[in-house]
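With the sequence shown counted from 1, adding 916 to any position gets you the working numbering.
Read the hints as simulated data drawn from the structure, not as lab findings. No residue lacks a Cβ here, since even glycine has one placed at the ideal position from N, Cα and C. Fair warning: there could be bad hints in the mix.
Cut-off 27 Å, straight-line C-alpha distance, at most; resulting in silico cross-link-like pairs (DSSO-like, lysine-lysine) [claimed, not checked]:
(1) 953 - 923
(2) 921 - 953
(3) 939 - 953
(4) 923 - 939
(5) 939 - 921
Simulated DEER-style distance windows between Cβ atoms [as the list claims (entries may be wrong)]:
(6) 940 - 1021: 21 to 31 Å
(7) 930 - 959: 14 to 24 Å
(8) 953 - 998: 49 to 59 Å
(9) 962 - 1029: 20 to 30 Å
(10) 981 - 955: 36 to 46 Å
(11) 930 - 997: 40 to 50 Å
(12) 1017 - 981: 18 to 28 Å
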Amino acid sequence: MTPRKEKALQALLVCRTRAEAAKAAGIGESTLREYMKDAEFTERYNQAFGGMVADATRQAQQTLSPALSTLREIMEDREEQASARITAARSILEYAMKLCEQTDILDQLQSLERWRCENEQFKAQG
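Make a model of the complete structure from these sequences and hints.
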């Protein structure tokens, strides 16, 4: 990949918009759009962005337990104001419900994937 494309790739990863990325990379927006049509450029961008998302996910996961512990302490502290305890309890409930929903969705997705694989094997045999 050319140095200009590398610079554009790095800019895409740190800038909020494509317009800002183009400006930071010293290229026009139309040039950046052309880069995005290039298979190698797009693949490198997707890999880099995926790595950033994975890192952010790991960091978020590492903060979950301490955050929940803090909320639980507030919720159970009888000396805290009622509004603080209620807010903490509500936050815990909302998080728990979202987590349950996501777990259910993942379970359903895995079931569908198993069904699809079994169906493909059945079709291949018959």
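To see whether the hints hold, each was checked on the structure:
no., hint, verdict
1, 953 - 923, "16 Å, holds"
2, 921 - 953, "12 Å, holds"
3, 939 - 953, "18 Å, holds"
4, 923 - 939, "11 Å, holds"
5, 939 - 921, "13 Å, holds"
6, 940 - 1021: 21 to 31 Å, "37 Å, violated"
7, 930 - 959: 14 to 24 Å, "19 Å, holds"
8, 953 - 998: 49 to 59 Å, "58 Å, holds"
9, 962 - 1029: 20 to 30 Å, "21 Å, holds"
10, 981 - 955: 36 to 46 Å, "41 Å, holds"
11, 930 - 997: 40 to 50 Å, "41 Å, holds"
12, 1017 - 981: 18 to 28 Å, "20 Å, holds"
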